[in-house]
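Q: Top to bottom, those sequences are chains A and B. All residue numbers in the first sequence are consecutive under this note's numbering, ending with 395. All residue numbers in the second sequence are consecutive under this note's numbering, ending with 630.
The reader is advised that the hints may include incorrect statements.
Unchecked claim - Below, a list of computed lysine to aspartate or glutamate pairs in the DMTMM-like style, where the Cα atoms sit at most 20 Å apart:
| id | chain 1 | residue 1 | chain 2 | residue 2 |
| --- | --- | --- | --- | --- |
| 1 | B | 113 | A | 236 |
| 2 | B | 113 | B | 87 |
| 3 | A | 259 | B | 220 |
| 4 | B | 128 | B | 76 |
| 5 | B | 90 | A | 236 |
| 6 | B | 237 | B | 189 |
| 7 | B | 266 | B | 595 |
| 8 | B | 208 | B | 182 |
| 9 | A | 259 | B | 34 |
| 10 | B | 70 | B | 248 |
| 11 | B | 113 | B | 125 |
| 12 | A | 259 | B | 48 |
| 13 | B | 128 | B | 60 |
| 14 | B | 539 | B | 522 |
| 15 | B | 90 | B | 116 |
To be verified - Each pair of labels, with its calculated beta carbon distance range:
| id | chain 1 | residue 1 | chain 2 | residue 2 | range |
| --- | --- | --- | --- | --- | --- |
| 16 | A | 257 | B | 137 | 48 to 58 Å |
| 17 | B | 91 | A | 216 | 13 to 23 Å |
| 18 | B | 137 | A | 68 | 44 to 54 Å |
| 19 | A | 59 | B | 186 | 47 to 57 Å |
| 20 | A | 223 | B | 95 | 14 to 24 Å |
| 21 | B | 102 | A | 36 | 51 to 61 Å |
| 22 | A | 68 | B | 105 | 53 to 63 Å |
| 23 | A | 108 | B | 91 | 21 to 31 Å |
| 24 | B | 23 | A | 295 | 17 to 27 Å |
| 25 | A | 214 | B | 54 | 46 to 56 Å |
| 26 | A | 40 | B | 230 | 32 to 42 Å |
| 27 | A | 30 | B | 11 | 15 to 25 Å |
| 28 | B | 230 | A | 108 | 40 to 50 Å |
| 29 | B | 29 | A | 214 | 28 to 38 Å |
FYI, nobody ran anything at the bench for these hints, they're computed from the structure. Using N, Cα and C, we set each Cβ at its ideal position, and we do this for glycine too.
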Amino acid sequence: MSVRPLAMRAPASPLHDRPSARRLMDLDWILLISTLLLIGYGLVTGYSNTVEDRSFTGDVGQQLLRAILYAVIGLSLMSLVAFVDHSWLGTLAPLIYLGTLGLLAVVLVIGHSTLGATRWVAIAGSKFQPSEFAKVFMVVVLAKWFADHDVRSPLTLAGGLALLAAPVALVYKQPDLGTSLVFVGIFFGMAFMAGARLWQLTAIAAAGMAAMPVIWANLKPYQQARLTSFLNPWADAQGAGWNIIQSLIAVGSGSLSGKGLTAGTQSPLGYLPIAESDFVFSGLAEDLGFVGAVILFVLYIVLLLSALRIAHRSRDAFGTYFAGGIAAMLAFQIVVNVGMAISLMPVTGIPLPFISQGGSSLISICFALGALQAICTHQDVGSSASRASPAAHGS
Amino acid sequence: MLDQGRVFVHPRRLTFVAIGIVVMFVVLSVRLWDLQVVHGAYYRSLAEQNRIVRIPVLPDRGVIYDRTGKLLARNDPGFAVSVIPVDLPKAQEADVASRLAGVIGRGVDEITKAIDDQRTRNPYEPVKVSDQPLTRDAALLLVERAELYPGVSVAADALRYYPDPTLYSPIIGYVGDINAEEYAAHKDDGYLLQDTIGKTGLEWEYEKYLRGTLGWREVERDAAQRELRTLGLVPPKPGNDLVLTIDDKLQHLLAAELAKGVQDGKWTAAAGVAEDPQTGEVLALVSVPSFDNNAFVTGVSTAQMKAWNSDPRHPLVNKAIGDMYPPGSTFKLVTGLSALSTGVATRNTIVNVNSMVLSVDGYNFYDWRAHGPLDFIGGFANSSDIYFYTLGGGNPNTGFKGAGPDAIAKYGRMLGFGAPTGIDLPGEASGIMPDPSWKMERFGEPWTIGNTYQESIGQGYVAVTPIQLLNAYSAVANGGTLYRPHLLKEVKAPDGTVVYQQGPEVIRKLDVNPKDLELIREGGRRAVTIYHAYMPDAKLPFAGKTGTAEFGVSSGADALGRQELSFHNWFVSWVPDRANYDPTAHISMAIFLYDSSKSMCDVCLNPAVGITQRVIETYEGVSKADASLP
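Just chain A, with the same shape it has in the complex:
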C-alpha cells in the first residue's frame, strides 16, 4: 500500500513556486554537465556528418546553425522547466494525455511522409515530430497514474496499459514500429521501478508473447524482414540485410580510434541509410572508433544513473516514477539504436538521444531533463524545510 508523502503544503501549481539562487545550487550538476556534453557531442558529430556527406548540397554552416538553434531551444526549455515545481506536470497529466492523442491524430491527418511513414508535421517551416514528445508525455501520464493508484494491483497495470493503448495504436499507424516499442519499454521500466508485482509483469509479458503470432501476422513484410534480418544479415545481403551489413562495415572499419571526424566513407557515400538519425551511431563509430563510442557510453551512463538517483531522492511518487520513466525511455532508445547498428537488435527506426539530428527528439529530451532538474531541486517538502530533516517527512 502506497502512502502519499506529506506534500500538501506544496500546492501543485506552477505559480506557487519560483526559481531562486538556492534552487540553482540544488541543481543536479552532474546531470547538467553530462547533458551539455552530450548535446555538444551531438553537434560535433552532426557537423562532421554534414561535412563529409558528398551528396549534401545545402549550406553546411546553415545546417550547423540549425542544430545549434535546436540545442538553444532545448536548453532554454530545460531551464524553464527546471525552475518550476514538477508537480504541475502531474496536475496537468490528463490535459497532456489528451494533447498527446490530439497531436498524434493530427500527424495522421495532415502529416508529411518520408520513406513511407507519416511522422512529422511542418510548423513554421520546421519539421515537428509529435511522436518524440508523445514519449515524454506518456512518461508524465504513466507516472501520474502509478503515483495515484496502487501499483501492486493488477487493475493499475491494466489501466496503465489501457492509457498506453491509444497512443501506441496511433504511432503504430504512422507506421512507427520503433516508437510503439519504446512505449512498451517505458511501461515495463516504470511499472518495475514503481514496484509492480513481478508475477503480474511477467504475466503481461507472457500475454504479449502469446499475442506475438497475431501481431506478427499484422506486420508489413518489410517490417517482418527488418525484425528478423539481424539474425543473419548475410542471408539477403542485397535486400533486407543490406542496411545491417553496411552498418557493421561502418562500425567495424572505425577500428580502435576511428577514421577521424569527417573522414568516414560509409556514411557520406550513402552506404548508411538514414545516416543522420537511425544509423547515426554507425557513422559516429566509423569516425571516432571504439574510443569515441565508449566516451559516448560513459556520458550516457552518467546521465542515466543521475536520473535514477533523482528518482531515488524524489520527494514524491510522481517524481520518482517520472525520473525512472525518463531513464527507462532513454536507456531503451539507446540500447535499441546502438544494438541495431551493431546487429544485436532488430532494425527499428528509433533516434539515438542527443546524437541523432532532429529538433523534436532533442527538445523533448531537454524538456524531460528539465523536469528531472525540477524534481531534484524540489526534493524538499516545503520551500524552507531542511532536506536533511526526517521530521519534515512525518507520516
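Since the structure of chain A is provided, determine the placement of chain B on it from the hints.
A: Same frame as chain A, now just chain B:
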C-alpha cells in the same frame, strides 16, 4: 535522507535497473570491441571494397591485314550491357530483367539466368547480358534512366567486323562471347565473363597476339553506384595486328572462279589453295560454299545454324584443310616418285599401253585410253593409269615388279600425306596414307594387288586434303623441301613495329634423288605442253598434274543424262620462272572441284585447269608473263 515514509521508492529495484543499465553498456562495448578492434581490419577492407570498385577495361582486339595491307578484320564501335549482380538487389532482379529485355531485345529468362549464374559464381564481377551490340540510342536510354537499372552498366564494346565475310570466314574464323569452358580455361589469363574470344580460324589460332591486355579503372563510387571520381587507371594494352601471307587480289580471283561454278551448277563445292613453294607462305585459301562470319559476332539464329549444319556441302568446314578426298591421278606423283626412288623405274622405263584394260587375277583395271608405248615423262604427262598400275603394283603378266604398297606409303608420308601439314589453322584433317598393316588393322583383311593398283592412281583408301596435295607438289617444285604452310606473315604492335616475323619452317628435306624430282617437274610441264592439261595460249610456263577422282556408286546415267560415275576434278600446278624444269617456281596452286561431274560430258575438259590459267595469269599480269615465255 530517505525515510520510511517514502515507500514509493524501491531502492533495490532502482539499483537493479542501474546495474542493468551498466551491464547493458558493457555488453554493447564488448560487441563493439569485437567489431572494431578484433575485426577492424576486416571491416576496413570491406569499406574499401564498397568505396572503390575496379572496373575492367577491355583492350581493343588486334586487326588483321592481308600481305598488301588490306584490312580483313576490324573493330566497329558498339555498346555492351553488363550487370554486376552484387549491385542489383535480388528483389528488383525480375523487374530490371524485364525492363532490360525490352531494350536489348533478349528474353527475360535468358537475362535472369545470366545474372543468377553470375551471382553464384562471382557476384562482384560484371556479366555481359546483351548478346548483340546496342545502338547508341538504346545505350543512352539505359544511362539516362540509370535509377531504373541498378547494377546495370553500359560500356563501349568494339564489335568485330569482317568486310569480306564469306571469302575469309574459312581462314579468319570469328570471335564470340566466351563460354563457360573457355572461361574456365582462360580466366587466369585475365579473361572476364563479358569477354569475347576467338572461336575458330585465325581468330582462335592467334588469340594470344590479337587479345591484348586487360586494363583497370579504380573508381570511387557511392551506394547508388554513381561513379564519383577515378582514383587510378591501368590502361589496357591493345592487341597486336596480324599481317597474313594471303594476297587479297589472288584470293578474290580464285574465289570468284570457284563460286561461279557452284552458282552455275558445274560443281557443288570447291576448294583452292595457292602458296609460295619456296617458303610455304599461303597466298590464297578458298573454300566454297562458306558462311557469314559476321553473323557469329552478332549471334547466329538457331534456324541459320541448323541450315548450315544440315547442308551436305558443309559450309562451316574449311574444305581446303578440314575435309579429305580421293586425290585421283594427282597421286601419281607419289607412285612415280616411289618407283623412281626404289629403282623400279627410270626415265626410260617403257610400258606399252596397247589396251585400255590390264587384267590381273581375273580383275580388270582400266585406262582412259590405249596410249601405246610410254616412258616415264609420257606416262606422267598423259596420266596413263596402266603405266602407273605397273610402276606401283607391277605386272604379273610381264613379270614387271612394282614399287609396292609399303614404298608408296613411305614416299607418300615423306611428301606429307597421312599427317596434318601443321598449317596455322584449327581443324586440319590428316588424310589417309594406307599401307598393308593399316588395312589389316582397319579392316582385318590382307592387302591385295588391286589395292595397290587403285592406290597407284589415287583411288581406293587413299585420301588427301587439298593443302596436303599442294604442299607435296610444292616440295617437288622447289627442289625437295617440304615446308609447313602458314598464313601468318608477321605480327605488328599497334605502333607498327614488327614483334614477330614468321619465317619458312622446314618440315623435312625429301630423301630422294633431285634428278627424280626434276623428272616429275618435266612430266608436269609436259602435261601442259601436250595440252593434256589444256591451257591454250598460256602466257606463263605452267606445269601441273590433273586428277579425276571417282567417288560414290555408279548407278548409270540419270534422267538428265549425267555421267554414270560421280567424280571430282583436281588440278595441281606450279609456275617456274622460266620454261624449264628448274626448281624455281614462285607460285603453286591446287584446285579441287567437288562433284564436278554434274554438268560434265565425256569430252569436256578438266575445268580446274582453265581456272588455274585464268587466275594465275590475271594475278601475275600478262606483260610480265609475256617476257618469261620461251
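Q: Looking at the structure, which of the earlier hints fail to hold?
A: Violated hints: none at all, because every hint is consistent with the structure.
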